[in-house]
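Residue numbers (the numbering used here), protein chains in the order written: chain A, 9 to 93; chain B, 8 to 660.
I should point out that these hints are in silico values taken from the structure, not numbers from a laboratory. Hints should not be assumed to be uniformly reliable.
[Stated by the list, open to error] Residues on chain B that point at chain A, a partial pick, calculated with CB under 8 Å:
| no. | residue |
| --- | --- |
| 1 | Tyr324 |
| 2 | Val444 |
| 3 | Val445 |
| 4 | Gly476 |
| 5 | Ile559 |
| 6 | Gly644 |
| 7 | Ile646 |
[What the hints assert, rightly or not] Pairs of lysine to any residue, SDA-like flavour, derived with a Cα cap of 20 Å:
| no. | chain 1 | residue 1 | chain 2 | residue 2 |
| --- | --- | --- | --- | --- |
| 8 | B | Lys481 | B | Gln542 |
| 9 | B | Lys179 | B | Pro143 |
| 10 | B | Lys656 | B | Phe385 |
| 11 | B | Lys647 | A | Ile60 |
| 12 | B | Lys642 | A | Leu71 |
| 13 | B | Lys642 | A | Ile60 |
| 14 | A | Lys30 | B | Gly441 |
| 15 | B | Lys647 | A | Asn63 |
| 16 | B | Lys642 | A | Lys30 |
| 17 | B | Lys642 | B | Phe385 |
| 18 | B | Lys642 | A | Arg64 |
| 19 | B | Lys642 | A | Asp65 |
| 20 | B | Lys647 | A | Ile76 |
| 21 | B | Lys647 | B | Phe148 |
| 22 | B | Lys642 | A | Asn63 |
| 23 | B | Lys642 | B | Lys656 |
| 24 | B | Lys642 | A | Val72 |
| 25 | B | Lys642 | B | Gly13 |
| 26 | B | Lys647 | A | Arg64 |
| 27 | B | Lys656 | B | Met391 |
| 28 | B | Lys642 | A | Thr74 |
Quick reminder that beta carbons are idealized off the backbone N, C-alpha and C, glycines included.
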Amino acid sequence: MVDFGTAEVTVEMIQASQIGMKAFSAALAVGVTGIASAVAEMAIGSAAVGAIAENRDVFGPVLVLTVIPETIVIFGLVVALLLLF
Amino acid sequence: MLRPKGMRRLLIAAPKSEIETIIHELYRHNVYHIEDFVPESESEGLSIGHPLPEASDAASALIKVRAIESACGIDPGSIEVKRKIPASKVREMIRTDLPAIQKEVEDLVNSRSKLEVQKKEHEQRARELEPFTAIPLDLEFYRGYRNFTVFAGHISRDIEIGVPHEEYFSDKVTGNMIVVVVHNEHREEVERILLNARFQALTVPEENGAPADRLQAHLNEIRRIDDEIAAINRRLAEIREQYAEILVACDELLTADVERAEAPLRFATTEVTFISEGWVPDDRADEIQKALVRATGGRIYIEELEIEDDSRVPMEYDNPPFATPMQLLVDLYGRPRYSELDPTVVMTILFPIFFGVIVGDVGYGVILLAMSLGLRRFLKGEGMRSLLKVGTYASISSIVFGILYSEFLGYSLPWETLIFSRHLNIGGHATGHGPQVVELLIFAIWIGILHVTLGRVLGIANARRLHHGKHATKAVIANAGWLGVMWGILLLIWSIFPIPLMPNLTGLPVVLMGLNASAVAGAVLLVAGLIGIAQENPLEIVELPTIFGHVISYVRLMAVGLSSVAIAMTVNYIAIGMLIEPQLDAITLVGVITIIFGILVFMLGHLLNTALGILGGGLHSLRLHYVEFFTKFYKGGGIKYNPFGMRSKFMEE
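Next up, chain A with everything else stripped away, as it sits in the complex:
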């Protein structure tokens, strides 16, 4: 007789779900940090374009400021890669 009350959990299922969780975490690590970088760069970028319109010479310093938040997503990426491989 089949007992519908209990489900059988095999080792394979646990392993598969672990792989899934890993992939999901990696996606979160890249995705969320990507959004965070984008939000941070949004404000800096618009201000930077304004500053360059005023004075062409500030391109260098302004670029440096604009890309500072990119570090966040790079860290996310490193974490994701370490999770996956």
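Using the hints, position chain B against chain A.
Just chain B now, kept in the frame of chain A:
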């Protein structure tokens, strides 16, 4: 190579009677960078000079030439020089030919704008007439009644009117058209009925005859005017063909005249003399001094002044020819100061390598190389040329790394990868062990460590040039401190974790408190580095996390590259694996269409990926230089060396 051209500071003083001779001589040599005279309270008795008398004539003639150029659409930057015209001949032409050309162009432009106004009027009339063409009534029947009122306009639907009237309705035009004629006594009633049906009155055009005929007449007029405008444009194009070379030569000559005539505005003058300060490159300084003395017959005083303030010296690059294209990208960040190291050569070598590490595909490299070489024929500007040259370097590097990675448009070349595999397991029958992500990651981080170290070493070299005395020593120690902290941290990590592709120092003998030799050395370096940084400015300690940030930032070299490989392999899988291959077993009509579609997907996909490769590879390599590399040693913000004179392109003196 790493230094700009040496400059000397000259002071020139001479009687005003020699001003024209001197200006001509300076302009001809094109080496003297004038430092504009700014009157200050302490410069008593000195005032700004007055322009030479011919200034206003030359300026107004120049405005005329520029007006003709803009009317004919001539851009001096894009004209190919076939032969140079002698200056005397250009002057002759300005006197004889130019007024006639100017008159013709002016007349043509005037009549063109008149025609354009007429065309607008006809178009307006045509628009007004259009709804009336739906009603079979001549236009004179709409007006001139004493006892009747005519309603004409758009309406939402056909309506019933309960009083005696005459009505025309048409739904052939947008918004429908209704014309109602009623006796004056019913006017208000009909008006109300019409308004309820959302009636919008139209003004009846003041014309006679059938609306369709009138509309046709206006359209014919528009066509005739279009033809006339086209004829005028053709004539302007003819003028451009015929006179472009002469006009740009006139432009150049007059620009030179205006610059020369206005030069005294940049000099300091007294009642009888004038003084000018400026900069001349080392190798030309003697030559220009001798030339000035000769031209004025010795009626000039020239002195070489000491350079007091480095930040005021104009900067001219002194790079070997292969590196000159990269000057464009260094200028984009900011021209080097006179006293600091010029990073152009370093960047010329490293930028293409970074680009190659990212793109690393023989197929894309060949496409980019073909583009860079092919576009040279079409893009003429100096900036564009430089960019294409940089593109050539970058694409050659991509091909080299493509061979190393063994990649061709996402496919493997016939050999195994020579460094690290970037091949992903995409597609139904993908085999192989997948990408060596960890190795690639550490490879990228190694590039970062070395690049940042190079930046700091250059920073040590630069600190001695940018600062003086005690501050220079402090800056040198601070830069060394940053190096110490970074390598100290690395030694500490290596002593604890074995990492592939990096030295494994975990096995060294323990010397102190459970720490092995490498860990102790690392800790010492770290602490010494911290002290080194703090002695220059303690606030800099806050910046310590950037050591991690900057080095890990180089992971993008691998990440952007992998994403480009993934796109390439996906395109291949969709186009060939899913669309083309299954059709090859049995060719059918649908199969042929699918195959064509597959080829289209293949081409478009790789085109898109090439564009992404240029953007990703170029921008990220550039950013790594600007942000991670330049911030370690480079200030920028130098003054561009801009000599007084002109390299004439279209005429010869």
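Results for each hint:
no. : hint                   : verdict
1   : Tyr324                 : violated (17 Å)
2   : Val444                 : holds (4 Å)
3   : Val445                 : holds (6 Å)
4   : Gly476                 : violated (27 Å)
5   : Ile559                 : holds (6 Å)
6   : Gly644                 : holds (7 Å)
7   : Ile646                 : violated (11 Å)
8   : B:Lys481 with B:Gln542 : holds (7 Å)
9   : B:Lys179 with B:Pro143 : holds (12 Å)
10  : B:Lys656 with B:Phe385 : holds (19 Å)
11  : B:Lys647 with A:Ile60  : holds (18 Å)
12  : B:Lys642 with A:Leu71  : holds (14 Å)
13  : B:Lys642 with A:Ile60  : holds (18 Å)
14  : A:Lys30 with B:Gly441  : holds (18 Å)
15  : B:Lys647 with A:Asn63  : holds (16 Å)
16  : B:Lys642 with A:Lys30  : violated (44 Å)
17  : B:Lys642 with B:Phe385 : violated (36 Å)
18  : B:Lys642 with A:Arg64  : holds (16 Å)
19  : B:Lys642 with A:Asp65  : holds (12 Å)
20  : B:Lys647 with A:Ile76  : violated (29 Å)
21  : B:Lys647 with B:Phe148 : violated (76 Å)
22  : B:Lys642 with A:Asn63  : holds (17 Å)
23  : B:Lys642 with B:Lys656 : violated (34 Å)
24  : B:Lys642 with A:Val72  : holds (12 Å)
25  : B:Lys642 with B:Gly13  : holds (19 Å)
26  : B:Lys647 with A:Arg64  : holds (14 Å)
27  : B:Lys656 with B:Met391 : holds (18 Å)
28  : B:Lys642 with A:Thr74  : holds (18 Å)
Hint compliance for this structure: hints 1, 4, 7, 16, 17, 20, 21, 23 are not met, and every other hint is.
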